[in-house]
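Visitor: Please model the entire structure based on the sequences and the hints provided.
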Amino acid sequence: MLAFKIAVRFLTHGRTQSILILIGIAIAISIQIFVGLLIDSLQRTIVDRTIGNSPHITISSSTDVSTIRRWQQIVYEVGHTKQVKALSPSATGNAFVEKKNSNLPVLVRGFPFSAADQIYNISSAIYDGKEYSSRREVLVGRELRDELELDLDDEIVLSIPRNGTVTLTVSGFYDLGVASINKAWLFTYLDTAQEIFDFGGRVTSIEMTVEDVFQADTIAGQLEQKLDNNDIVIENWKDQNEELLSGLEGQRISSAIIQIVIIASVVIAIASVLAISVLQKSPEIGILKAMGINDFNASLIFIYEGFLLGLVGSLAGLVLGIGLLYSFIAFTTSPGEVPLIDLYFDYGFVVRSWLIALIAATLAGIIPARKSLKLNPIDVIREG
Amino acid sequence: MSGIIELTQVNKIYPGAVDLQVLFDINMSLEAGTCNAIMGVSGSGKTTLLNIMGTLDFPTSGDVFIDGKLVNNMTKNQLARLRNETIGFVFQFHHLLPEFTALENVLMPHLINRWRPSNEVIRRADELFDMLGIADVKHSLATRMSGGQQQRTAIARALINNPKIILTDEPTGNLDSETTDKICLGFREINRRYGTTFIVVTHDHHVAEHTDRIVEINDGRIISDTKAEV
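Chains as they are written, first to last, in my numbering: chain A, 1 to 384; chain B, 1001 to 1230.
Everything labelled a hint here was simulated from the structure, so no lab data went into it.
Which residues of chain A face chain B? A few of them, derived with a C-beta cut under 10 angstroms, are:
1. 6
2. 14
3. 281
4. 284
5. 290
6. 292
7. 295
8. 377
Glycine is no exception: its CB is placed at the ideal position from the N, C-alpha and C atoms.
Guide: Right, dumping it as structure tokens:
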């Protein structure tokens, strides 16, 4: 208790020195928090915007026939996998839309709407009209609508290779934010697509999203083992986006390096300031030892100093870092626009960073504490 | 063995390229409740002797008994507790902690092994402040007091745990003659009131005259041991 009281007085008495080191710690920790949260948000934003509205894992046929047999059994088993968030079977086939004298290639994608909606978020992408509600209705993308100059309830004629033509009615228009999809994909009922392409009740793929997108490869591996089916192939987004992943990994490593350097600089700053403090306070420590304070309690003074500097400095750094992050998001977003980066506030990271800073600062006190152990009261008393 | 401090055949050698022996076969017994002066010129070994009596330094050979206990084989923590409970120090440089008030400095030895001061010890601190004539500065920071007030605060600090022994090294070295007299009278008053044993290292004859016994040291050897006439 006395050691703690002395530590507090040493810090509050040498106020300028304490404030300067606290500012140093606060700035260092704020940058750590800011950089850590920013890079994490950036990564999640990139991943979300790249694969957010698309399946993370896709099961397709590995046989010569492009359709999957006994797909209901697979859907049942995958549906009972813990990490799978949303799941939808799909019957997909190529077709052409007639446009005056030419034909435009399109991909007809048949889904149960509610299941597909959980993966592609189609309902919020519909900007005109509504979802398909009868077996002959279809959703058309923005670019294809412009190309074909379509309106709601217009009919489009699809030419199916080897299967003749089919006429469908436009129930609505969507915009998924990707021009190539908007231009090529037509969404319709699963049954409709199965019938158009003559799949005989089969599907061409089973698509799913998972809770943690970065676990997609692991989950895909688990599904392979669980399903143990040579007729299917399971692909995940990570295998298909290796360049993106290596970019994200690079970001993650540079963020980790920045954070390690910052913590090291905090430790060095605290240790050096407290080491000077040991020299400054050696007469007082000497007299305390002569009066009967033992070495352990004398050294505790500097451990407490490190702890207190770390506690106050890191808390100030947390507030400053979070403030910086919100300011950054605010300054880089115009009113009414989508933010440059979606803010993901990782509480775990913040608490972890704070604890690491606090422990590092306390441990930094060990260096001067060890120095104080060597102080001999006779030497310091004699020198006055 | 009846002395509160007993030294038998104490030698002290500082090792180096050439070993330096500063104390030679010192035998000394200091009676409880007496006021003793150790005199000698600079480099005579008197401060080393005091440090050995205070367990701040250790003899190269010989035995040291404090309050009947042999201290030679005690651990550092045992010695720290012995110093805290049995010995008070007053040095030429007071070494008050400038971050604390006079009262807080005085209470510090008491708080080394306790959470908070008892009412009894606070009353004792007030009594010491009154007796040493520094009651008006007890809430002042050490840096806001005169040299004499600081030294008297250091004396109150040495006395707060009611130690059996007070060791002082040139306690008036930096003070004028009027303040020196006040402090010497203070020592005598404490000695009379609490029965505290004083060992005062000094080269000032005027200070030594206030004591019951004067031990003179030269080149690490006791050359005279004079008791005051009653």
